[in-house]
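Number of protein chains: 2
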Amino acid sequence: MRVVVPFDAAAPKTRLSEVLSPDERSAFARVMLDDVLQAVWNAGHTPEVLATEPLGSSRPVRVDERPLSEAVNAVLAEHDETAVVMADLALAGADTVERLVGTPGDVVIAPGRGGGTNALVVRDPAFETDYHGVSCRDHRRIAREIGADVRECDSFRLATDIDEPADLVELLLHGRGESAGWLRERGFELDAGDGRVGVERS
Amino acid sequence: MRVVVPFDAAAPKTRLSEVLSPDERSAFARVMLDDVLQAVWNAGHTPEVLATEPLGSSRPVRVDERPLSEAVNAVLAEHDETAVVMADLALAGADTVERLVGTPGDVVIAPGRGGGTNALVVRDPAFETDYHGVSCRDHRRIAREIGADVRECDSFRLATDIDEPADLVELLLHGRGESAGWLRERGFELDAGDGRVGVERS
Chain A
107 MRVVVPFDAA
117 APKTRLSEVL
127 SPDERSAFAR
137 VMLDDVLQAV
147 WNAGHTPEVL
157 ATEPLGSSRP
167 VRVDERPLSE
177 AVNAVLAEHD
187 ETAVVMADLA
197 LAGADTVERL
207 VGTPGDVVIA
217 PGRGGGTNAL
227 VVRDPAFETD
237 YHGVSCRDHR
247 RIAREIGADV
257 RECDSFRLAT
267 DIDEPADLVE
277 LLLHGRGESA
287 GWLRERGFEL
297 DAGDGRVGVE
307 RS
Chain B
107 MRVVVPFDAA
117 APKTRLSEVL
127 SPDERSAFAR
137 VMLDDVLQAV
147 WNAGHTPEVL
157 ATEPLGSSRP
167 VRVDERPLSE
177 AVNAVLAEHD
187 ETAVVMADLA
197 LAGADTVERL
207 VGTPGDVVIA
217 PGRGGGTNAL
227 VVRDPAFETD
237 YHGVSCRDHR
247 RIAREIGADV
257 RECDSFRLAT
267 DIDEPADLVE
277 LLLHGRGESA
287 GWLRERGFEL
297 DAGDGRVGVE
307 RS
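Protein sequences, first through last, are from chains A and B.
Its first residue numbered 107, the first sequence is counted upward by one per residue in our numbering.
Its first residue numbered 107, the second sequence is counted upward by one per residue in our numbering.
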């Protein structure tokens, strides 16, 4: 199945600015992207990066400057069956991608924490995305309106987009790709001192 | 399979004190407990509440005043196969419980956000729990030390214990039991005003 991985190359991961410099955020975003692409490859599928600008690397990239929903909808229009997996799902492994892609349904939604849509499978040509706002709720509604069979892919690994400092805890605890090692190399470790687990940087 | 549901009856849900009164927190904790018990029943299993004191209701309760890990270990010692599901996993439905219980392995861990162990299946008599600290990491280590085959149950619904105000967002968005309705009846609704979704109480 074609798996599209949208990537915002311009100003990635601004909510990590407390703990990472701009250059580090840019590098970290690319390491996470590579983990996601590797997971898709390992699951036997072909990832395609959908980026707002060229990434200056050997990664195959489709460049589309439009807002996320429009750019994704243009890809959906070209294929009968497409998965959309966000580039910061650094906990996802091949088994996670396999479960997503293996979930039946015209529209499969893997909700993210806080109402997002972290991964989607679309098998109905009438479905269009709308990532603005509480998108998992909106995507359920859009799917119902077109009479699509909507299913959920219930995954902690897909629900956890790495977006803010608290999410780094999850990556250090559960990451199986390069991103967790990248963090450790830069001095990040778990801080379980006061009962609630956090991260600290040495 | 026997499914144990530990419940702290004394001072439940203190981290919700910003948004719920003590009486409300106590009632809310019991509504969530009932949702979890219903999910276990609907999955075809028999729940047993493991509480620190009697609940004063018709629910079957095993009372054990010891700390959580000791009380759970006493139950594990009595059975070849036991699941342990926390009482605040109000997003769990029958399908969630079925997937947990259906995951093979001597020890199956469903991690919670922040390093917890929100649900467990134990099929090795040598395994003992230690819920203090970063328990999902400790449980993996304990299982490895006894040579047990450790598996993960990757579930957003099991990872989401309803503990603090931000978690109420998830319950309002994804809850399928009574707990979400209980919140709505008390004026809670999603607040998606400023881009990041939260809850507000009218």
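Please note: incorrect hints may appear among the correct ones.
Given that identical chains are not distinguished, each listed pair holds provided it fits within a single copy or across any two copies.
Claimed, not checked - Subject to a maximum C-alpha distance of 25 angstroms in a straight line, what follows is the list of computed SDA-like cross-link-like pairs (lysine to any residue):
1. 119 - 187
2. 119 - 247
3. 119 - 107
4. 119 - 304
5. 119 - 186
6. 119 - 131
7. 119 - 251
8. 119 - 150
9. 119 - 210
Worth flagging that the hints you see were computed from the coordinates, not collected in a lab.
So, going through the hints one by one against the coordinates:
Proximity of residue 119 and residue 187 under a CA criterion of 25 angstroms is satisfied in neither setting, with 29 angstroms inside one chain copy and 44 angstroms between copies. Taking CA atoms no more than 25 angstroms apart as the test, residue 119 paired with residue 247 passes in neither setting, with 29 angstroms inside one copy and 32 angstroms between copies. Neither within a single protomer nor between protomers do residue 119 and residue 107 lie at most 25 angstroms apart by alpha-carbon distance, with minima of 28 angstroms and 44 angstroms respectively. With identical chains, the CA atoms of residue 119 and residue 304 are at most 25 angstroms apart both within one copy (18 angstroms) and between copies (20 angstroms).
Taking the closest pair of Cα atoms, residue 119 and residue 186 never come within 25 angstroms of each other, the shortest separation being 32 angstroms inside a single copy and 47 angstroms across copies. In this assembly of identical chains, the alpha carbons of residue 119 and residue 131 lie at most 25 angstroms apart only when taken from the same copy (6 angstroms versus 36 angstroms across copies). For the homomeric pair residue 119 and residue 251, neither the shortest alpha-carbon distance inside one copy (33 angstroms) nor that between copies (38 angstroms) is at most 25 angstroms. With identical chains, the CA atoms of residue 119 and residue 150 are never at most 25 angstroms apart, being 28 angstroms at best within one copy and 44 angstroms at best between copies.
In this homomeric assembly, residue 119 and residue 210 never come within 25 angstroms of each other (Cα to Cα): the closest approach is 32 angstroms inside a single copy and 37 angstroms across copies.
Checked against the numbered hints above, the structure breaks hints 1, 2, 3, 5, 7, 8 and 9 and satisfies the rest.
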